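Q: The primary structure of each chain is shown beneath.
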Amino acid sequence: MTKNQRIVYIALLAAQAVIISILERAIPFPFAIAPGAKLGMANIITCMALYTLSVKDVTKVVLIRITLSALLGGNLSSFMYSASGAILSLLGMILVKQLGPSRISLIGVSVAGAIMHNVGQLLIASWIAQTWTVLLYLPVMSFIGILSGIAIGIIANYLLTHVEKLVYYRYLNE
Amino acid sequence: MKGFSSMIKRWDIIVTLVLVLLSFLPAALFSYQQAEKSNAVQGDGTGEPPVYVAVISVNNEEVKRITLTGNTKNEVFDVFSSDKDYNTVEVRGEEIRIKGANCADQVCVQFGFLSKPGETAVCLPHNFIIEIESIGGSAIEDEPIISS
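Chain order of the listed sequences is A and B. With this note's numbering, you'll find the first sequence wraps up at 174, consecutive numbering, no jumps. With this note's numbering, you'll find the second sequence wraps up at 148, consecutive numbering, no jumps.
These are calculated hints, taken from the structure and not from any lab test. Computed from a prediction, not measured in an experiment: that's the story for all the values here. From the three backbone atoms N, C-alpha and C, an ideal C-beta is built for every residue, glycine too. You may find that some hints are simply not true.
Where chain B lies over chain A, by a calculated footprint (3+ residues, C-beta under 8 Å) [to be verified]:
(1) 9-17
(2) 69-78
(3) 123-134
(4) 139-146
Computed Cβ-Cβ distance ranges for the label pairs, DEER-style [to be verified]:
(5) B/E90 with A/V55: 30 to 36 Å
(6) B/K64 with A/R25: 50 to 56 Å
(7) A/I22 with B/T69: 25 to 31 Å
(8) A/E24 with B/S31: 30 to 36 Å
(9) A/P101 with B/G70: 56 to 62 Å
(10) B/A35 with A/L91: 53 to 59 Å
(11) B/E90 with A/Y171: 54 to 60 Å
(12) A/E164 with B/F80: 53 to 59 Å
Taking lysine to any residue pairs in the SDA-like style, the calculated list, with each CA pair at most 20 Å apart, reads [what the hints assert, rightly or not]:
(13) B/K9 with A/T161
(14) B/K9 with A/L72
(15) B/K37 with A/T161
(16) B/K9 with A/S102
(17) B/K9 with A/S105
(18) B/K9 with A/K60
(19) B/K116 with A/S102
(20) B/K9 with A/L147
(21) B/K116 with A/T133
(22) B/K9 with A/L99
(23) B/K9 with A/L136
(24) A/K60 with A/L136
(25) B/K84 with A/S77
(26) B/K99 with A/P28
(27) B/K9 with A/I155
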């Protein structure tokens, strides 16, 4: 991948992630048991980036996404929310991915990302609210996180094995 | 097309299980702490069952306390966190909930009714919190409960 190709690719991924997270904001989550739960479809992009780009470039994609989606119709509290969730989930995904492709698949990586995202958000919530009882919602949230994480992992897996360019970039990255 | 099960590898399951177990950690710590507390109170010889109190705070300052245990009244009231921002709180018997709010995300409404100690409803945009606290025996006094 030349430098220009890489920059365009990063920009494309970030743009897609921003659009997905804005679209997702319009979908109300139907289950009342988990307040604030979302599908986390923007994680598809992070998964794809993780398997086709270097760690540094994945971080760029994620940072661009959270900054832009906060500017396009968010506020300070939602920015802190999504930033802490995104950063923790990125860290978790990078760590888990270190196990290597023979041991862990995209599904595990994306489930780890989803659960760490919840941890990050609830930590910020309990910090803002100055009460750590908010963390008691973690089991419910991670249950939802597992379900959506598996779904997102399967989607990202199909994209990475069927979109020609992604297959090629993944080959280059490995 | 491969089946879903062939995508899953062993470490996927291990990582998921570890993370799920870790997510129960705060709950476990909390119930441990709760048990210690009620033991300490019973050690005092009060022997009365714990009283559940809903504590409503705005901007980290307590604005209202409602004793839920033994409550039979139903009431609905608004709590203003600024000139325009409000949360409508409904108390129904021994349960309390945020009935409505004019915040953007409406997450606080989704928490539903709270009745057990440790349950929390948070409205982050308004910095508005309802927490259920368990107070052993002497709920009416405002002093700290456990005096050693």
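Q: Next, verify each hint and record whether it holds.
A: Going through the hints against the structure:
For a cut-off of 8 Å, the count of residues in the region 9-17 of chain A with a CB near a CB of chain B stands at 0, and the three-residue condition is violated. Beta-carbon proximity to chain B at under 8 Å applies to 3 residues in the region 69-78 of chain A; the threshold of 3 is reached and the given coverage holds. Check result for the region 123-134 of chain A against chain B: holds, 8 residues qualifying (beta carbon to beta carbon below 8 Å, three or more required). For the region 139-146 of chain A, the proposed coverage by chain B is satisfied: 5 residues have a C-beta within less than 8 Å of a C-beta in that chain, meeting the threshold of three.
Distance hint check: the CB atoms of B/E90 and A/V55 are about 49 Å apart, inconsistent with the given range 30 to 36 Å. The given range of 50 to 56 Å is broken by B/K64 and A/R25, whose C-beta atoms sit roughly 32 Å from each other. About 45 Å separates the C-beta atoms of A/I22 and B/T69, a value inconsistent with the hinted range of 25 to 31 Å. A hinted range of 30 to 36 Å for the beta carbons of A/E24 and B/S31 is consistent with their spacing of about 34 Å.
Checked against the hint of 56 to 62 Å, the pair A/P101 and B/G70 passes, with Cβ atoms roughly 60 Å apart. Look at B/A35 against A/L91: about 34 Å separates their beta carbons, and that is not inside 53 to 59 Å. As the Cβ distance of B/E90 to A/Y171 is approximately 58 Å, the hint placing it in 54 to 60 Å holds. Against the hinted window of 53 to 59 Å, the Cβ-Cβ separation of A/E164 and B/F80 comes to about 57 Å, which satisfies the hint.
Proposed proximity of B/K9 and A/T161 is supported: the alpha carbons are some 17 Å apart, at most 20 Å. Using a Cα cut-off of 20 Å, the hinted pair B/K9 and A/L72 is violated, with the two alpha carbons roughly 38 Å apart. Proposed proximity of B/K37 and A/T161 is contradicted: the alpha carbons are some 55 Å apart, above 20 Å. Taking the CA atoms of B/K9 and A/S102, the gap is about 8 Å. The hint holds against a cut of 20 Å.
As the CA atoms of B/K9 and A/S105 are separated by approximately 6 Å, the hinted pair is consistent with the 20 Å bound. Note on B/K9 and A/K60: the hinted pairing is violated, with a Cα-Cα distance of about 29 Å set against a maximum of 20 Å. For the proposed pair B/K116 and A/S102, the alpha carbon gap of about 45 Å is over 20 Å, so the pair is violated. Note on B/K9 and A/L147: the hinted pairing holds, with a Cα-Cα distance of about 17 Å set against a maximum of 20 Å.
Proposed proximity of B/K116 and A/T133 is supported: the alpha carbons are some 12 Å apart, at most 20 Å. Under the criterion of a C-alpha separation no larger than 20 Å, the hint pairing B/K9 with A/L99 is consistent with the structure, at around 11 Å. Annotation: proposed proximity of B/K9 to A/L136 is violated, straight-line Cα distance about 30 Å (limit 20 Å). Between A/K60 and A/L136 the alpha-carbon distance is near 32 Å, which puts this suggested pair outside the 20 Å criterion.
A threshold of 20 Å between alpha carbons decides the hint, and for B/K84 with A/S77 the separation of about 18 Å falls inside it, so the pair holds. About 18 Å separates the Cα atoms of B/K99 and A/P28, which keeps this hinted pair within 20 Å; it holds. In summary, the hint linking B/K9 to A/I155 is supported, as the alpha carbons are separated by about 16 Å, within the 20 Å threshold.
Going down the numbered hints, you'll see the structure goes against 1, 5, 6, 7, 10, 14, 15, 18, 19, 23, 24, while the others check out.
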